[in-house]
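Got chain Z sorted already, so can you dock chain G onto it with the hints?
Chains Z and G are the protein sequences, given in the same order. The first sequence maps to residues 1029 to 1340 in this note's numbering. The second sequence maps to residues 1029 to 1340 in this note's numbering.
Treat the hints loosely; a few may be bogus.
[What the hints assert, rightly or not] SDA-like, lysine to any residue: derived pairs with alpha carbons at most 20 angstroms apart:
1) G:K1190 - G:E1212
2) G:K1190 - G:S1173
3) G:K1285 - Z:K1195
4) G:K1221 - Z:Y1120
5) Z:K1190 - Z:S1217
6) Z:K1051 - G:N1218
7) G:K1221 - Z:G1248
8) Z:K1221 - G:G1055
9) Z:K1221 - G:D1261
10) Z:K1334 - G:K1189
11) G:K1330 - Z:P1053
12) G:K1228 - G:S1217
13) G:K1195 - G:N1218
14) Z:K1051 - Z:A1308
15) Z:K1110 - Z:T1132
16) Z:K1330 - G:K1195
17) Z:K1190 - Z:D1201
18) Z:K1195 - Z:P1142
19) Z:K1221 - G:F1263
20) G:K1189 - G:N1218
21) Z:K1334 - G:E1328
22) G:K1330 - Z:K1285
23) Z:K1221 - G:L1259
24) G:K1334 - Z:V1323
25) G:K1285 - Z:P1053
26) Z:K1330 - G:H1340
27) Z:K1285 - G:D1337
28) Z:K1051 - Z:K1110
Just so you know, these hints were derived from the structure itself, not from any lab.
There are 2 protein chains.
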Amino acid sequence: MTDTKRAANNLLVVGTVAIDSVKTPFGEADSVLGGSATYFSVASSYFTSVRLVAVVGKDFPPSYMDTFQKHGVDTSGLVKMKGETFRWKGAYGYDLNVANTLETKLNVLLQFDPVLTKEEKNTPFVFLANIDPDLQIKVISQLESPKLVALDSMNFWIENKKESLLKAIGMVDMVIVNEGEARELTGHSNLVKAARAIRKMGPKTVIVKQGEYGSLGMVGDEIFSAPAFPLEDVFDPTGAGDTFAGGVMGYLARHGKVTGEIVRQAMIVGAALASYNVEAFSLQRLTALHFNDIVARYNEIKRLTKFDDFVH
Amino acid sequence: MTDTKRAANNLLVVGTVAIDSVKTPFGEADSVLGGSATYFSVASSYFTSVRLVAVVGKDFPPSYMDTFQKHGVDTSGLVKMKGETFRWKGAYGYDLNVANTLETKLNVLLQFDPVLTKEEKNTPFVFLANIDPDLQIKVISQLESPKLVALDSMNFWIENKKESLLKAIGMVDMVIVNEGEARELTGHSNLVKAARAIRKMGPKTVIVKQGEYGSLGMVGDEIFSAPAFPLEDVFDPTGAGDTFAGGVMGYLARHGKVTGEIVRQAMIVGAALASYNVEAFSLQRLTALHFNDIVARYNEIKRLTKFDDFVH
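So that you can see chain Z by itself, here it is in the shape it has in the complex:
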């Protein structure tokens, strides 16, 4: 809160707030705070002021609201509806790159119909987390001269609502998806080709998340290959992708511009945040960070990937 830059630019995220039950080889957590917009908003809150638009049910624990408050996330757009909160139950095997969904109860998410307030419509940076692409289109249509709009999606929408998704992609400036989605969306197994194909759908900037392997960025024709932080103790990968996206968008909103170089730094910030997030269940680690922790891991990634010029 002592961060004077936080108010200068800001960020809107529309997505899900969920109650998760997660099992990994290292333990399990029952009915913990989750959801794409949750991870995203907390991650980005370290860099800029964030407005959250999402829906929860009457069962949503007040203590979970404290998490948003603690991080200064504006929850005036977090609607409480009759019914139960969206619930996700998942498990990971030793290959922590693959989440096995055991149960999904959409609950109030089925009635989610984001109507933005005047302030929300005027937010310069906007992130549409993984929700129905028709809702993403509805949100985009309400925006008034945003500086940057980005979206994420998932295989379910690629398979069931591809036309809407392609329309939504055509309306945004940036796409942040994981490598499986990039391949499925474009039919290209090669990631450079896949990223280029997504750019041809409209967005100037594409970021392909590769989990523990890092990420590939394309800003115009410029390519950036970002490492992940090689972490020894991964506890729960849930939310890593949304945390990464929150770091990216938070850093961009903070700086108020989207150059190739700023996107590179933003991707490293995203990698730093995601690497912290997977060290504990739910948002336990992510909510316990200090700004300097993020900078320290950024510097560590820089040190881990640094190499000198070729020596003849």
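Showing chain G alone in chain Z's frame:
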């Protein structure tokens, strides 16, 4: 040959020379030059003088010998035996990270029994490509005060000759394996943990190859995360790992020392060479390189992965 540094230090590789038949989604190549020591020796020949110890059969085409000659590889240790050359037949699907072996005919490889000459025994840098770990041990035992001995292996030996392999690993300074092998060898799915576990088996330096995702290096306690070159057109991944290892060892032998910083540069050199190699079948692209091509791609990787300091 105009390269004055080539003679200063040198490198011995013991491994396989093969005749490969490969099918990828982009075409096929029948009875082409292959084998771990082949890719390795040609790749490393750009940086240092290389001695090859391997075995071929009477059917080995003289034109394939030209490849070694062209690159100044010393083939006095390439024994021609009665029988047929080792043959490998494989196919790749759209996921080019996974090779499907269709047929392996060991042929003369079954009689391979490397007895080193005096000169070979005194080579300062030695690479034991993927062969029976008992043969690797036999080679190591013949060496006279080498500067650096490294080995590669494969899942077959981990599953069938683990004791010998662990003994061989305990005798070398460096292990270069792919991520699947590192996981299978140590039982750790996490690669940092796996690399650390291999270090505990003896070697000071461990390099884990991650295919299109790059590589992870550990020199003492120092970790280096190296990117791969994000290539748009991968044609045939056969030999990429051996080419990478050839680049790494060639660069180390050229500089005659193994510091953390030199290993980092060596891993980028390996990535540069491997990225060229997969652009065509067999060694077509690898044999057509100029020294400056390698430096150019090294610089390109540097540019692709560069990012500035965190901006507050």
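Going through the hints against the structure:
A C-alpha spacing of about 11 angstroms is found between K1190 of chain G and E1212 of chain G, which places the hinted pair at or below 20 angstroms, so the restraint holds. Annotation: proposed proximity of K1190 of chain G to S1173 of chain G is violated, straight-line Cα distance about 26 angstroms (limit 20 angstroms). Between K1285 of chain G and K1195 of chain Z, the direct Cα distance comes to roughly 56 angstroms. Violation of the 20 angstroms bound is thereby established for this hinted pair. At roughly 18 angstroms between alpha-carbon atoms, K1221 of chain G and Y1120 of chain Z fall within 20 angstroms of each other, so this suggested pair holds.
For the hint linking K1190 of chain Z to S1217 of chain Z, the alpha-carbon distance of about 18 angstroms falls within 20 angstroms, and the restraint holds. For a cut-off of 20 angstroms, the pair hint linking K1051 of chain Z to N1218 of chain G stands: about 17 angstroms separates their Cα positions. Distance hint between K1221 of chain G and G1248 of chain Z is unfulfilled; the C-alpha atoms sit about 37 angstroms from each other, more than 20 angstroms. Straight-line distance between C-alpha atoms of K1221 of chain Z and G1055 of chain G comes to about 19 angstroms, which keeps the hinted pair within the 20 angstroms bound.
Taking the CA atoms of K1221 of chain Z and D1261 of chain G, the gap is about 8 angstroms. The hint holds against a cut of 20 angstroms. Between K1334 of chain Z and K1189 of chain G the alpha-carbon distance is near 37 angstroms, which puts this suggested pair outside the 20 angstroms criterion. A threshold of 20 angstroms between alpha carbons decides the hint, and for K1330 of chain G with P1053 of chain Z the separation of about 37 angstroms lies outside it, so the pair is violated. Between K1228 of chain G and S1217 of chain G, the direct Cα distance comes to roughly 16 angstroms. Compliance with the 20 angstroms bound is thereby established for this hinted pair.
A distance of roughly 23 angstroms separates the Cα atoms of K1195 of chain G and N1218 of chain G; the hinted pair therefore is violated under the 20 angstroms criterion. This hinted pair checks out: K1051 of chain Z and A1308 of chain Z have alpha carbons roughly 12 angstroms apart, not beyond 20 angstroms. The straight-line distance between the Cα atoms of K1110 of chain Z and T1132 of chain Z is roughly 18 angstroms, inside the 20 angstroms bound, and the hint therefore holds. For the hint linking K1330 of chain Z to K1195 of chain G, the alpha-carbon distance of about 36 angstroms lies beyond 20 angstroms, and the restraint is violated.
Restraint check for K1190 of chain Z and D1201 of chain Z: the C-alpha separation of about 18 angstroms stays at or below 20 angstroms, so the hint holds. Straight-line distance between C-alpha atoms of K1195 of chain Z and P1142 of chain Z comes to about 18 angstroms, which keeps the hinted pair within the 20 angstroms bound. Proposed proximity of K1221 of chain Z and F1263 of chain G is supported: the alpha carbons are some 14 angstroms apart, at most 20 angstroms. In summary, the hint linking K1189 of chain G to N1218 of chain G is not supported, as the alpha carbons are separated by about 23 angstroms, beyond the 20 angstroms threshold.
Straight-line distance between C-alpha atoms of K1334 of chain Z and E1328 of chain G comes to about 14 angstroms, which keeps the hinted pair within the 20 angstroms bound. With a CA separation close to 24 angstroms, the supplied pair K1330 of chain G and K1285 of chain Z exceeds the 20 angstroms bound. Under the criterion of a C-alpha separation no larger than 20 angstroms, the hint pairing K1221 of chain Z with L1259 of chain G is consistent with the structure, at around 9 angstroms. Restraint check for K1334 of chain G and V1323 of chain Z: the C-alpha separation of about 17 angstroms stays at or below 20 angstroms, so the hint holds.
Pair hint K1285 of chain G plus P1053 of chain Z does not hold up; C-alpha atoms about 41 angstroms apart against a cutoff of 20 angstroms. Of the pairs offered as hints, the one joining K1330 of chain Z and H1340 of chain G holds, with about 16 angstroms between alpha carbons and a cut-off of 20 angstroms not exceeded. Between K1285 of chain Z and D1337 of chain G, the direct Cα distance comes to roughly 16 angstroms. Compliance with the 20 angstroms bound is thereby established for this hinted pair. At roughly 29 angstroms between alpha-carbon atoms, K1051 of chain Z and K1110 of chain Z are farther apart than 20 angstroms, so this suggested pair is violated.
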